[in-house]
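K.L.:
Below, each chain spelled out in residue letters.
There are 2 protein chains.
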Amino acid sequence: MWRNEKYHSVPEEDQGLDLGDRKIAGDIGYDDDDSIRQTSKGPQHSKLGPYFQDGQRRIDYVLTYHVEKSTRSRHSSSNSFVKSLRDSLSRSFRRSRPEPRPQEDPEIASQQQKLDYHEDDMRFRRDEFEQKLMDMGLELEKDEGNKIPGVGFLKIHAPWSVLCREAEFMKLKMPTIKKYDVSPGSNVVEKINLFIHKVTAPLYPKVMENRVQTEKHLSYPFSREKQHLSLLANGVYTSAYPLHDVSNVGNVNLLYEEWASYSIFYKYQPIGLIRKYFGEKVGLYFAWLGVYTQMLIPAAIVGVIVFLYGCATVDDNIPSMEICDERNNITMCPLCDRACSYWKLVTACGTARASHLFDNTATVFFSIFMALWATMFMEHWKRRQMRLNYIWDLTGFEEEENHPRAEYEFHVMQRNLKREASSKKLVLPISNLFYFIFYFIFFTKPILIFMVVHLCFIQICVTFVIVFGVVLYRISIKTALHMSSASAFRSNIRATVKTTAAVINLIIIIIMDEIYGYVARWLTVKEVPKTDKSFEERLIFKTFVLKFANAFTPIVYLAFFRGRLIGRPGNYVYVVGSYRMEECAHAGCLMELCIQLCITMLGKQLIQNNLFEIGIPKLKKLIRRRKSKMDSKQEEEFHKTLTRHEKDHFLNPYVGLNPEYMEMIIQFGMVTLFVASFPLAPLFALLNNIIEIRLDAKKFVTEFRRPIAARAKDIGIWYNLLRGLSKTAVIVNAFVISFTSDFIPRLVYQYVYSPDGTLHGFVNHTLSYFNVTDFQPNTHPIDPMFLGYEVQICRYKDYRDPPWSDTPYELSREFWNILAARLAFVIVFQNVVMLMSDFVDWLIPDIPKDISVQIHKEKNLIVELFMKEEQDKRLLRNRQSNRSPHQPRSRPASHIQTNNH
Amino acid sequence: MWRNEKYHSVPEEDQGLDLGDRKIAGDIGYDDDDSIRQTSKGPQHSKLGPYFQDGQRRIDYVLTYHVEKSTRSRHSSSNSFVKSLRDSLSRSFRRSRPEPRPQEDPEIASQQQKLDYHEDDMRFRRDEFEQKLMDMGLELEKDEGNKIPGVGFLKIHAPWSVLCREAEFMKLKMPTIKKYDVSPGSNVVEKINLFIHKVTAPLYPKVMENRVQTEKHLSYPFSREKQHLSLLANGVYTSAYPLHDVSNVGNVNLLYEEWASYSIFYKYQPIGLIRKYFGEKVGLYFAWLGVYTQMLIPAAIVGVIVFLYGCATVDDNIPSMEICDERNNITMCPLCDRACSYWKLVTACGTARASHLFDNTATVFFSIFMALWATMFMEHWKRRQMRLNYIWDLTGFEEEENHPRAEYEFHVMQRNLKREASSKKLVLPISNLFYFIFYFIFFTKPILIFMVVHLCFIQICVTFVIVFGVVLYRISIKTALHMSSASAFRSNIRATVKTTAAVINLIIIIIMDEIYGYVARWLTVKEVPKTDKSFEERLIFKTFVLKFANAFTPIVYLAFFRGRLIGRPGNYVYVVGSYRMEECAHAGCLMELCIQLCITMLGKQLIQNNLFEIGIPKLKKLIRRRKSKMDSKQEEEFHKTLTRHEKDHFLNPYVGLNPEYMEMIIQFGMVTLFVASFPLAPLFALLNNIIEIRLDAKKFVTEFRRPIAARAKDIGIWYNLLRGLSKTAVIVNAFVISFTSDFIPRLVYQYVYSPDGTLHGFVNHTLSYFNVTDFQPNTHPIDPMFLGYEVQICRYKDYRDPPWSDTPYELSREFWNILAARLAFVIVFQNVVMLMSDFVDWLIPDIPKDISVQIHKEKNLIVELFMKEEQDKRLLRNRQSNRSPHQPRSRPASHIQTNNH
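Chains as they are written, first to last, in our numbering: chain B, 1 to 901; chain S, 1 to 901.
Hint data in this document are derived by calculation from the structure and do not stem from the laboratory. There could be a bad hint or two in this list.
[Stated by the list, open to error] With a straight-line Cα cutoff of 30 Å, these simulated DSBU-like cross-link-like pairs (lysine-lysine) come out:
hint, chain 1, residue 1, chain 2, residue 2
1, S, Lys698, S, Lys281
2, B, Lys868, S, Lys132
3, S, Lys698, S, Lys530
4, S, Lys868, B, Lys142
5, B, Lys713, B, Lys267
6, B, Lys604, B, Lys698
7, B, Lys132, B, Lys198
8, S, Lys859, S, Lys873
9, S, Lys281, S, Lys132
10, S, Lys281, S, Lys382
11, B, Lys281, S, Lys382
12, S, Lys533, B, Lys713
13, B, Lys132, S, Lys533
14, B, Lys533, B, Lys132
15, S, Lys382, S, Lys727
16, B, Lys498, B, Lys281
17, S, Lys699, S, Lys618
18, S, Lys382, B, Lys713
19, S, Lys281, B, Lys382
20, B, Lys382, S, Lys132
21, S, Lys857, B, Lys533
22, B, Lys699, B, Lys604
23, S, Lys526, B, Lys857
24, S, Lys698, B, Lys727
25, B, Lys142, S, Lys621
26, S, Lys857, B, Lys526
27, B, Lys849, S, Lys418
28, B, Lys382, S, Lys530
29, S, Lys281, S, Lys859
30, S, Lys198, S, Lys727
31, B, Lys797, B, Lys344
32, B, Lys281, S, Lys857
33, S, Lys699, B, Lys132
34, B, Lys713, S, Lys857
35, S, Lys620, S, Lys382
[As the list claims (entries may be wrong)] Computed far set for chain S versus chain B, every beta-carbon distance over 10 Å:
hint, residue
36, Glu527
37, Arg626
38, Ala710
39, Leu725
40, Gln792
For each residue, glycine too, the CB sits at the ideal point set by N, CA and C.
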């Protein structure tokens, strides 16, 4: 019973903490009663629970490593299916290590010996490390080759005293026994809040945040011990993870029932519980995702209203009425050389009507609304973060993760070694010349950064080339279809080409997304950044740039370049030989932009969520099962015999939050950047996120090893990226409204050129005249009589002088007039929206009122407490000094003398 | 000797501080040796020094109050000049109090009695307050009606123990005995830094920052005791101030010699010393002013280069050559109706050449440079602030000034009293109705704020009206001069009118500036903000808005509105009856903008600095001296007999840093906002600031009472205002370049319309044609033959179609083309410069590298120190437990068990 004795005796011995020690222990999750209960239940339970063999000391952290052959062979008398499992496991482990390892192959004895030496070295380094851990006050237990052959477990228990010491270093805030009431207040706002809270009660998860506080064990963060990470990188240990906490069955079950379930999608998340179980970093991610999803609700509602407004007004829209009017017998110039013929504007009726759904006055207000929405979202998140910081007692915590990464130190060491080696070898200059050049190119920092920037640039160029390829595909297919198809098909040509091109774009985006992810990681690893923080930031930034360029290049092309550089009839712009650049449909490119956005958003989310996040893990499991040659029942039984740390060993390692954040940031970009052209984007995003939250929750609870609880005050670089996006969104939306949509030309026509102040005649105004005799040779339509009559003047969409003016086909005064109006709109829109955003930013305080009041109250209470203590001390001292002979006077009033001369 | 005993005994008794107590005492300036030295010198010195009567306890703070008549009459046996002084003093004091006070007037006995009652009440409240101070542990000494009649002094001394306690509450950082080396480093950057430091050594003030650290007494901030402020507001005490520290003669002298002297204008400021003497808030102001002045040096140099480039290229400038070319015989339309006649373009030659000095290609680059300069300045200041925070140990300090202002509490109390009173009086509803209305209008918060906003708005309107008045003055004077003057005068007319108008504007600005200052303060006082911080912020914001509008409205008018709304010949715009709006000179309004800026900057700085900051205080002194009927020698002698706290009583009260900051912010606005039109602005600002620093220094050292040392981490709202200004500067400069200067028209002409790609023919291109038969009736010139020939077609500066086109006098295609180019330039300029600024912002880390390394090092050292302590404790415990019977095993390695099943 010595261990138990020590365990219990530490808190009593410990000095410096005299305010309700037991209470604190409970609060930070270190539950005394746990071990007592376990003892009473006996060791038969504790074998499977997360405890040491004595069933009392809890396993806080696990390191795994390879068990050398000699040890393993001692225990290889297990049954057949375990043996096969072992083989498959060791095979998969071998892949992760550089050295080839012979297995039960007695003929290569010397290699075997060398290997043994290597393994001995590994063991020696492990022993050294373990000794250091023990010097730090940690308690260890080893479990080698038990049940799962080839894998050794080092189980670590952090006793109370060590936890206290580390908590002091990390300046963890502790709740004291002193409590204070947060008075509920009596004003109207509070009452309304109370009412709202009552109404929304069913939305809250059934988690008593106050009840669970005694049921949580603090995961001990290992970030201080860099050496253990270094050993991981060297392969001395193979993995390191804390355990899923199943001893308190209620804890995981509660998370499972009240969080990781699709059926409760309408409820808030139990953020406090998530934080207690996974740490602040994960907690902040889910809190952020929650705030984002919640904020999407109003955006989605307004978006739907805007869309419905478009639907409702489509029949009152004068320009589309004019296009659809059979009496307006407007003959348009052919859309491609030779194969296409003249066409009637009335055939574009459907597109014009559809365009109105996304291009009407409401869209302008919606994009202003969304710019302010983005600012509101950022502000709301700042407040929420502040509130969480306060509730989680992180207000005084300063992040410091400045110790160098293991890889960086290894790299520096290696470089120094190589430098030494090369300086010794300088006698053989020629053979080393190549090495020097190689070294110079690949290991010198500035050149490396230059290379990284270049590679990123090349990647973006690749994206451009791909987009251009898709454009060419579209042009060529369209021409080919025009040439071959029967006339019945022709009306469907545009729609077919548009949709297939969008789908191709989508597929390319998804494939390149994966590739870019690997490229970014590879580049960052090659850079060898100094600290973990800078590694993460660089990786995120690179990934963001690449993935963002990948996702948005086709959209930017559609919005701003398509249909701008086509030239004019008689003087078209040709690319790659004889392909004419694409024109837009009559009512602007907004419709196609809209289709592209819709397909990208829906497709990306569906495919990436369903296929990559659900499908592929299941497939992997299936393959692994087939390899291990067990049927599901056998495996189930085998699993039942495993202890917790062995079970966790089979789960996927936790890969960090970056992919989750990245997905959401790209989505945020889709929602804000081109919202002027696609008001339904927030709705799509909302629907996706409702699923996403629960999907991620399931992953964290059941599929990943438990992540090391990391403390964080904020979401770091992601906040800056979000801010950057919402700033960019303002200018992008300004350009979409003024250049992609027909909003400004309509406005200018209505107030400047219209004879009666309405839009009647607008369509005619946007079309210029072309004399068919001015066609360049060999570009005349093959079938000029397609419409049944001979065409002398055809119309095209541009503002140019007519053939009969002094300056035929020059850009007209109207063109410059409208261009000036468009540019003026951009300036006004950008500055007004920016000003409004800044105003909203300034209006909403960063710290919620009630939190700042509470912080102030807490400070005052602490000052009062200390003040009282101080006074008591002084009283005591005064009493002592009164008794001393040096002090004849005792009244404090005697300190005053009035000097009246 | 009891007091001395107590004073010395406290540090030894004090617990909790065991790291070199004496050392700390010295460091925070509480010098034990001081009192000992004083004692040895004897009381004859201490009488005049800042000590209590015992000559040992230092006076840390002084409160003054009125001494009641009875006390004063007892001591009125002083000589005649003291009596007269007393009379004048008490007269001036009486003004500050609401009640009239009869003086030696025996007939109004009842009033006298009431007054005595009032005075007794005051004394009672003072006694109560003093008792509280003593309870807090402070030591007090009174000095009533001594030498300066009618004024009582309450001298306060804060003993060591109280200082320690408060320091703990305020989380003041203390230097520990533990020291660490900041290794000088060996890389190239460090060496360069060392070299630079050696070269610039004469620029550093001769202040050994390390030497003076033992010579400073920490001023004890009273901000916690709100009640004492409340008593000040009630008139129970009349003033409160700490003392100028002359006991260490070296300290003030050092400041005087190495800081507050014009002869050392080229040196850096001894910021550390300033902070030690005046506190962090004042220190930060001077540090900021220093950084700003320093950063102005490169800006001034580049500005001068740009100006010189203009001077050098003035002879190569094709447009001005064309204007000055006598062969280009261009006849211009008259500048005013009837009185003016046609004129030749060649007469505008001088203006055109002068305009080129400020309107050339270099100006565009200069304004981009200045936008980046502003960002660099903000970044540089952030880094400097961070460095000062580190050096001054403020890194962990959080500002909390949330206690309500005395005035606010008084206001709330009063309101509650009134509410009670009025609820009692509800039986008399009619007589109270007016009171209710009055109350509702003037004391209800939202209405008050609405009123404040409105009043501010009205003030700004007043500014507009004044500017418009000056414009009208200009128009009318110009017409009058044209009518009356001989032809020899006419060429000077423009210059005369421009300059007088600018001077009138300047005078109005300066007068309104003072008025607006009072208005802003009055409005803020009426608002009764809750805390001191919000009071200051609101006051600053209001003052800023008003003063800014005042200073910049004439400039904005000149830059963007002058010459835009004039109509065209034959269809001019008229205001106030028959005044035609002003035209610009041929080469744009840039020249006039430039003159206005130049006069405003120079005049404002010269007049405000010299007249208001030097002249008026001297004048006040003179008046006071005349009133007290003493000649200078008598006064000098009288002053010699005064103790320090009495001397300080005669100094001006410290009025805060806001006026100083405000002046600088307005200057910063001048330097950045319209820098595109006046590249010499940074030079003027630099020259002004070099004087300003020393002027302010002199004021602080010799003319003001010593300010209460206030802690501050940053410059607060001023930083936000600066940031806002530098953001606004980008868009304002974009508009100045594209709309006020001829830069864009020149560019468009060169690349679009010019036949040979040069600027030849540009002047002709900017002038439209006007047929003189199209003049409206009665607007023909009286003297059409002024030029000696009959004019049929005259020219005017605008882009309009000629009379012979289909659309005569319509805005031409060129107009819209150039307008589009101008707007496009604004968009490109704004976004590119904003992006570059953000990039610079991101590139320069907020915390200097060396500071972050040092902070990290310090943290590590502290962790190591604690870790070692911890290990020692554990060793001790282990040794103890080894001896105890409960613990049979002692080796820590025994915590591991290897379980090999």
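K.L.:
With reference to the structure, classify each hint as holding or not holding.
P.N.:
Hint by hint, here is what the structure shows:
Taking the CA atoms of S/Lys698 and S/Lys281, the gap is about 17 Å. The hint holds against a cut of 30 Å. Straight-line distance between C-alpha atoms of B/Lys868 and S/Lys132 comes to about 15 Å, which keeps the hinted pair within the 30 Å bound. Distance hint between S/Lys698 and S/Lys530 is unfulfilled; the C-alpha atoms sit about 34 Å from each other, more than 30 Å. Distance restraint check for S/Lys868 and B/Lys142: the Cα-Cα separation of roughly 29 Å lies within the 30 Å cut-off, and the hinted pair is therefore satisfied.
Of the supplied pair hints, the one linking B/Lys713 and B/Lys267 holds, its CA atoms being roughly 25 Å apart against a limit of 30 Å. Straight-line distance between C-alpha atoms of B/Lys604 and B/Lys698 comes to about 21 Å, which keeps the hinted pair within the 30 Å bound. Using a Cα cut-off of 30 Å, the hinted pair B/Lys132 and B/Lys198 is violated, with the two alpha carbons roughly 54 Å apart. A threshold of 30 Å between alpha carbons decides the hint, and for S/Lys859 with S/Lys873 the separation of about 21 Å falls inside it, so the pair holds.
Using a Cα cut-off of 30 Å, the hinted pair S/Lys281 and S/Lys132 holds, with the two alpha carbons roughly 28 Å apart. In summary, the hint linking S/Lys281 to S/Lys382 is supported, as the alpha carbons are separated by about 15 Å, within the 30 Å threshold. Distance check on the hinted pair: B/Lys281 and S/Lys382 sit about 29 Å apart at the alpha-carbon level, within 30 Å; holds. In summary, the hint linking S/Lys533 to B/Lys713 is supported, as the alpha carbons are separated by about 27 Å, within the 30 Å threshold.
Taking the CA atoms of B/Lys132 and S/Lys533, the gap is near 52 Å; set against the 30 Å cutoff, the hint is violated. Distance restraint check for B/Lys533 and B/Lys132: the Cα-Cα separation of roughly 26 Å lies within the 30 Å cut-off, and the hinted pair is therefore satisfied. Among the hinted pairs, S/Lys382 with S/Lys727 is consistent with the structure: their alpha-carbon atoms are about 17 Å apart, no more than 30 Å. A distance of roughly 43 Å separates the Cα atoms of B/Lys498 and B/Lys281; the hinted pair therefore is violated under the 30 Å criterion.
Between the alpha carbons of S/Lys699 and S/Lys618 the distance comes to roughly 12 Å, so the proposed pair stays at or under 30 Å and holds. For the suggested pair S/Lys382 and B/Lys713, the alpha carbons sit about 22 Å apart, so the restraint of at most 30 Å is met. Between S/Lys281 and B/Lys382 the alpha-carbon distance is near 29 Å, which keeps this suggested pair within the 30 Å criterion. Distance check on the hinted pair: B/Lys382 and S/Lys132 sit about 42 Å apart at the alpha-carbon level, beyond 30 Å; violated.
Distance restraint check for S/Lys857 and B/Lys533: the Cα-Cα separation of roughly 18 Å lies within the 30 Å cut-off, and the hinted pair is therefore satisfied. With a C-alpha separation of about 19 Å, the suggested pairing of B/Lys699 with B/Lys604 holds against the 30 Å cut-off. Restraint check for S/Lys526 and B/Lys857: satisfied, since their Cα atoms lie roughly 28 Å apart, inside the 30 Å limit. Annotation: proposed proximity of S/Lys698 to B/Lys727 is violated, straight-line Cα distance about 46 Å (limit 30 Å).
In summary, the hint linking B/Lys142 to S/Lys621 is not supported, as the alpha carbons are separated by about 87 Å, beyond the 30 Å threshold. Proposed proximity of S/Lys857 and B/Lys526 is supported: the alpha carbons are some 28 Å apart, at most 30 Å. Proposed proximity of B/Lys849 and S/Lys418 is supported: the alpha carbons are some 29 Å apart, at most 30 Å. About 25 Å separates the Cα atoms of B/Lys382 and S/Lys530, which keeps this hinted pair within 30 Å; it holds.
Taken as a hint, the S/Lys281 and S/Lys859 pair is honoured in the structure, with Cα atoms around 27 Å apart against an allowance of 30 Å. Restraint check for S/Lys198 and S/Lys727: not satisfied, since their Cα atoms lie roughly 37 Å apart, outside the 30 Å limit. Restraint check: the Cα-Cα separation between B/Lys797 and B/Lys344 comes to about 13 Å, which is no more than 30 Å; the hinted pair holds. A threshold of 30 Å between alpha carbons decides the hint, and for B/Lys281 with S/Lys857 the separation of about 26 Å falls inside it, so the pair holds.
Taking the CA atoms of S/Lys699 and B/Lys132, the gap is about 63 Å. The hint is violated against a cut of 30 Å. Proximity of B/Lys713 to S/Lys857 is assessed by CA-CA distance (about 22 Å); at most 30 Å being required, the pair is judged to hold. With a C-alpha separation of about 39 Å, the suggested pair S/Lys620 and S/Lys382 falls outside the 30 Å cut-off, and the hint is violated. The Cβ of S/Glu527 sits about 18 Å from the closest Cβ of chain B, beyond the 10 Å cut-off, so the non-interface label holds.
No beta-carbon of chain B is positioned within 10 Å of the beta-carbon of S/Arg626; the least distance is around 29 Å. Against the 10 Å criterion, S/Ala710 stays outside the reach of chain B, whose nearest CB is about 19 Å from its own CB. Distance check on S/Leu725: its Cβ is at least 13 Å (rounded) from any Cβ of chain B, clearing the 10 Å threshold; non-interface status holds. A cut-off of 10 Å between C-beta atoms confirms that S/Gln792 is not in contact with chain B; the least separation is 25 Å.
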